[in-house]
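Take the given structure of chain Z and dock chain E to it, following the hints.
Taken in order, these protein sequences are the chains called Z and E. Take the first sequence: its letter number 159 is residue 586 in the working numbering, and every next letter is one higher. Take the second sequence: its letter number 269 is residue 275 in the working numbering, and every next letter is one higher.
Quick caveat, the hints were computed from the structure, so don't treat them as lab data. Take these hints with a grain of salt, some might be off.
What the hints assert, rightly or not - In the SDA-like style, the derived pairs of lysine to any residue whose C-alpha atoms are separated by at most 20 Å in a straight line are:
#: 1; chain 1: E; residue 1: LYS13; chain 2: E; residue 2: GLY290
#: 2; chain 1: E; residue 1: LYS8; chain 2: E; residue 2: GLY290
#: 3; chain 1: E; residue 1: LYS180; chain 2: Z; residue 2: ASN666
#: 4; chain 1: E; residue 1: LYS13; chain 2: Z; residue 2: GLY550
#: 5; chain 1: Z; residue 1: LYS656; chain 2: Z; residue 2: GLU546
#: 6; chain 1: E; residue 1: LYS173; chain 2: E; residue 2: LYS8
#: 7; chain 1: E; residue 1: LYS180; chain 2: Z; residue 2: THR663
#: 8; chain 1: E; residue 1: LYS8; chain 2: Z; residue 2: GLU546
#: 9; chain 1: E; residue 1: LYS8; chain 2: Z; residue 2: VAL571
#: 10; chain 1: Z; residue 1: LYS671; chain 2: E; residue 2: GLU18
#: 11; chain 1: Z; residue 1: LYS576; chain 2: E; residue 2: LYS21
#: 12; chain 1: Z; residue 1: LYS540; chain 2: E; residue 2: GLU18
#: 13; chain 1: E; residue 1: LYS21; chain 2: E; residue 2: LYS157
#: 14; chain 1: Z; residue 1: LYS671; chain 2: E; residue 2: LYS21
#: 15; chain 1: Z; residue 1: LYS656; chain 2: Z; residue 2: SER542
#: 16; chain 1: Z; residue 1: LYS540; chain 2: E; residue 2: GLU115
#: 17; chain 1: Z; residue 1: LYS540; chain 2: E; residue 2: LYS8
#: 18; chain 1: E; residue 1: LYS350; chain 2: E; residue 2: GLY310
#: 19; chain 1: Z; residue 1: LYS593; chain 2: E; residue 2: LYS355
#: 20; chain 1: E; residue 1: LYS57; chain 2: E; residue 2: LYS355
#: 21; chain 1: E; residue 1: LYS180; chain 2: Z; residue 2: GLU662
#: 22; chain 1: Z; residue 1: LYS490; chain 2: Z; residue 2: ARG754
#: 23; chain 1: Z; residue 1: LYS593; chain 2: E; residue 2: PRO194
#: 24; chain 1: Z; residue 1: LYS430; chain 2: Z; residue 2: GLY496
#: 25; chain 1: Z; residue 1: LYS489; chain 2: Z; residue 2: ARG463
#: 26; chain 1: Z; residue 1: LYS732; chain 2: Z; residue 2: LYS490
#: 27; chain 1: Z; residue 1: LYS576; chain 2: Z; residue 2: ALA621
As the list claims (entries may be wrong) - Derived coverage of chain E by chain Z (criterion: at least 3 residues anywhere in the stretch with Cβ under 8 Å from a Cβ of chain Z; other residues may be distant):
#: 28; region: 198-208
#: 29; region: 234-242
The beta-carbon is built from N, C-alpha and C at its ideal position, and this holds for glycine as well.
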Amino acid sequence: MDKHVIIIGGGIAGLEAGSKLSGQGYKVSLYEKSNRTGGHLNDWYKLFPDRRNSSEVIEYFKKIVSDSGLKIFQDTSIERIKENGNGFSIYSDKGEEVEADVIVIATGFDLFKSSRKEEYGYGIYDNVISSSDLEAMFRAGEVVRSDGKHPKRTGFVHCVGSRDEKVGNLYCSKLCCVTAVKQAIEVKELDPDAKVYCFYMDMRMGGAYYEELYREAQEEWGISFIRGKVSEVGETIDNNLIVKVEDTLLGRPLKLELDMLVLMAGMEMSEPGEKLAKASFLKTGENKFFASADHHFGSNLSSIKGVFLAGTCTMPMNITETISHARAVVPDVIDYLEKKG
Amino acid sequence: MKLEGKKAIWSEYQKEIADDRYFYVRSCIRQNFFPGSEVAFLRIMKDVLKKDIYEHPCHTTCSGIGYHGDVVPVETTMTVVARQFAIMTEAGYTNYVPSCITSFGLYTEILETWHHFPEIKERVQENLRRATGREFEIPENLAHASDIIFKFRKEIATQAKYRLVNKYTGEPLKVVDHIGCHYAKMFPSKGVGGAEYPYVLAGMVEEWGGQVIDYPERRHCCGFGFRQYLVQANRGFSVACSREKFESMAPFRPDMIITNCPGCPMFLDRWQYVIGEMEGKTYGPNGQGIPVFTYEEVAGLVLGFDPWDLGLQMHQTSCEPVLDKIGIEYDPEEKFTLNKTLAKAKKGKIFV
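Next up, chain Z with everything else stripped away, as it sits in the complex (with noise of 0.2 Å):
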């Protein structure tokens, strides 16, 4: 039990395979490039489909660290992995050198820069957010425009980052269309009199409990869905904004006039990740995140023997999923530790 395992990344997926691999009796060592673990989750307010608070969650990964002697190094990025010969060694950004058994690679994803689709003038017109500002909003107690004013009309454009050629992201992320249908009802909740129409391409409710979510958006909440993509967005004099979008069902183009519109950032592979890859000779896809060996046996094995991935550094997933992945990968680890001697 004298190896020792390096987690890349201190997300959701690092610290419960990190924890996992710790309270197996492994020397278990966590890299994370911020000042605090648990990645995009500390940003997320309220989760779908069941609206639990995510410090709920982010305290049950506090308590399986503290728990397991998983040791975490902060504000620490590892550039780059080399084989070499009986293991692995690792360079982090303060010029470190360490040597390990086994890597496992969990650096996450990246939200999708929104001010990368110039037409919906996010970081030029004010009351243009994204999905991760809302919930910054919703975690103050308080949903605002620049002005102070609280919306009274407000959007949500699904798909912004994914099932788009033109930026390159040809995948969906999935997780976009449940978190609109979600904070749109937020939005709701904090607003009865409020109105709000989504903007989508297609409604993906793929995950357990989505589609109710959904169906209570719609009946509950009167939301409108409107299906097409927003071709541009404009700012009055009043700082309101002008959105035009076809709707496809009916088959004309609209153009509404709104107090807020939020951007539903998809998920890109991060881009300590990407570094890392192309560094370590890692092989990506064709979605530019980690390829697995194997897309159905091999989910949690690299292009390299002896390094291993988890959770969203592979693909879009949820919370659920992520933390599945995360486990997935212990046995893995285990059986190459087992054979390797």
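The following block gives chain E in isolation, referenced to the frame of chain Z:
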């Protein structure tokens, strides 16, 4: 509106614009619409900026107006464009500068097509050879004439006699920049600042003292749109397009509009008169319209060219409100008599 966001986008869309030795090709329609603009451009290039710019008497239409009007097939258009390039090659130039936005868009589209499908270029080369016996080279640099003025906007500013500032208030003039649709909407990377927030005219306005205003319909077509106007039955749609823009920009109280396309100033200018006649509505203060300019006219004005030499009397929406705000000296009597301008033209000294 956060300017920083736009600046970040502008920084991503930089294009290479040649420094000197330009082969200039005129627009089919601009000399009829605003006849002073192209002459002013050539004068600025030669006399103000001291650049080598050449126009060949045998260059023709690029046929883009027929191509976008669905009456000229693309193979014909490509052969006409190849002939233009052949004339440039024969003249010993490599930097191609069209005056027209649609031409610029068409040249860009054809060069991209030839890049990706070299067999089409070979076929066009053979067509041109058989039809005219000419050979051509691809331009080393393709830039619209407004790109060139953008490139030298600072040099123009240093020689400017006037700035785009309201002399009564000291405030920058509020300027609507309207970009021709074919400038960057098809190929954003070929336009200064990209397609969504083009910087080509905004950069000139900023440099010369004005302030660009953003308004919801800034991307909207001016109303020309080729078939909207060329097909007579669609002309109601043409004026409706222009009206959409005026209604959208009016709350921002713009002092003027600057354009970089042959058709846009024509329609934004003329339709204001038509809307005034049809609905009794004007979009400027005191029953006046919003003056519309080409970028060459604006460059000429800040350099101190005589407004009537620039052909501003051809504008249906009166330009005098802007001239007065800037403090530009002009002779009202000369506007339509043109005695002085004609006398100068006879001596070949227009703009002097």
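Consistency of the hints with the structure:
| no. | hint | in the structure |
| --- | --- | --- |
| 1 | LYS13/E x GLY290/E | 29 Å, violated |
| 2 | LYS8/E x GLY290/E | 26 Å, violated |
| 3 | LYS180/E x ASN666/Z | 18 Å, holds |
| 4 | LYS13/E x GLY550/Z | 10 Å, holds |
| 5 | LYS656/Z x GLU546/Z | 11 Å, holds |
| 6 | LYS173/E x LYS8/E | 27 Å, violated |
| 7 | LYS180/E x THR663/Z | 15 Å, holds |
| 8 | LYS8/E x GLU546/Z | 15 Å, holds |
| 9 | LYS8/E x VAL571/Z | 18 Å, holds |
| 10 | LYS671/Z x GLU18/E | 25 Å, violated |
| 11 | LYS576/Z x LYS21/E | 41 Å, violated |
| 12 | LYS540/Z x GLU18/E | 15 Å, holds |
| 13 | LYS21/E x LYS157/E | 10 Å, holds |
| 14 | LYS671/Z x LYS21/E | 29 Å, violated |
| 15 | LYS656/Z x SER542/Z | 17 Å, holds |
| 16 | LYS540/Z x GLU115/E | 29 Å, violated |
| 17 | LYS540/Z x LYS8/E | 17 Å, holds |
| 18 | LYS350/E x GLY310/E | 16 Å, holds |
| 19 | LYS593/Z x LYS355/E | 51 Å, violated |
| 20 | LYS57/E x LYS355/E | 19 Å, holds |
| 21 | LYS180/E x GLU662/Z | 16 Å, holds |
| 22 | LYS490/Z x ARG754/Z | 16 Å, holds |
| 23 | LYS593/Z x PRO194/E | 12 Å, holds |
| 24 | LYS430/Z x GLY496/Z | 15 Å, holds |
| 25 | LYS489/Z x ARG463/Z | 11 Å, holds |
| 26 | LYS732/Z x LYS490/Z | 31 Å, violated |
| 27 | LYS576/Z x ALA621/Z | 13 Å, holds |
| 28 | 198-208 | holds (count 4) |
| 29 | 234-242 | violated (count 0) |
Checked against the numbered hints above, the structure breaks hints 1, 2, 6, 10, 11, 14, 16, 19, 26 and 29 and satisfies the rest.
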